[in-house]
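Peer 1: What follows is the residue order along each chain.
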Amino acid sequence: MARVVVDVMPKPEILDPQGQAVAKALPRLGFEGVTSVRQGKRFELEVDDAVDDATLAKIAETFLANPVIEDWVVRRVEP
Amino acid sequence: MSRIGVIIFPGTLDDVDAARAVRHAGAEAVALWHADADLRGVDAVVVPGGFSYGDYLRAGAIARFAPVMGEVVAAAKRGMPVLGICNGFQVLCEAGLLPGALTRNASLHFVCRDQWLRVENTATVWSTRFEPGAEILVPLKSGEGCYVADQHTLDELEGEGRVVFRYLLDSGGGTGSPNGSRNDIAGITDARGRVVGLMPHPEHAIDPLTGPTDDGLGLFLSVLDAVGAAGALAEAVSGR
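Taken in order, these protein sequences are the chains called A and G.
When you line the first sequence up against full-length UniProt numbering, it's residues 1 to 79, in that order.
When you line the second sequence up against full-length UniProt numbering, it's residues 1 to 240, in that order.
Hints are not guaranteed to be accurate.
[To be verified] Partial list, computed: chain G residues near chain A (C-beta under 7 Å):
#	residue
1	R58
2	A101
3	A106
4	L108
5	R166
Hints were generated in silico from the structure; no laboratory data involved.
Since we're looking at a predicted model, the values are computed, not measured.
Every residue, glycine too, gets a C-beta built ideally from N, C-alpha and C.
Isolated chain A (complex conformation):
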């Protein structure tokens, strides 16, 4: 078994109103100095050792992320 993390983020050119709302809230809460926030998703998968990188990339590209609006990164992490 291996643990795989897939990070999905809105593409830089895609408007991220949720991230903007978080960024705007920070000064109101007294946190200064944060100039930008982008909000994405993190998936944690437990996969059999037989699942290869190409399959993981396919899962990310065809399902976990929408490549029209999102970038994704797959990485294997220590359990």
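Position chain G relative to chain A; hints supplied.
Peer 2: This is chain G only, laid out in the frame that chain A set:
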């Protein structure tokens, strides 16, 4: 009588009104269950609004893998008319039948109001009943209606006249989007003008008793013209 299918996913909300719109237009509404890979011999398909699969992952992302959607994609490629409304538009984009994607409204607010649109393409099978440049008033109710696509895709849509509906600030006013959509796009079509998706809800505006207007009925009457004529042609050719 023509038969128009209306798909029901878990979480679909607007199938009842979509079926009612089909009947008002003079066709038989056929319920299509998400888990059945079977279009039951319908002449066209409506993918209605709602929150299929709770909008989990992304709006429409899980619905596109439903057994019925495999049949819809195959039928659309053969030329069957398909209309996606609101969540249905999101499903058609996720399924790759229409380009681009729908994202969170720029304002972050759910928008629920009667919305003026301009009909910009009256050559699709879903819009022939409208006059070119017609302004229609139909409900809009969505939180993720911000249409986005890369610049190349937007240029292609505009260059080929594939923007079918555009948001207006008001009747007779300029264009303006309530949700941040690129180019104020409310609805688009595929290259053949047979698959159409839009965020606003024509099926809620088919009768002045229950909607702001009956402007939305035009979409359903248009497709019946198309499938009715095709059916008559097929019958003539086969000698029936």
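Peer 1: Name the hints, by number, that the structure is in violation of.
Peer 2: Violated hint: only 5; rest satisfied.
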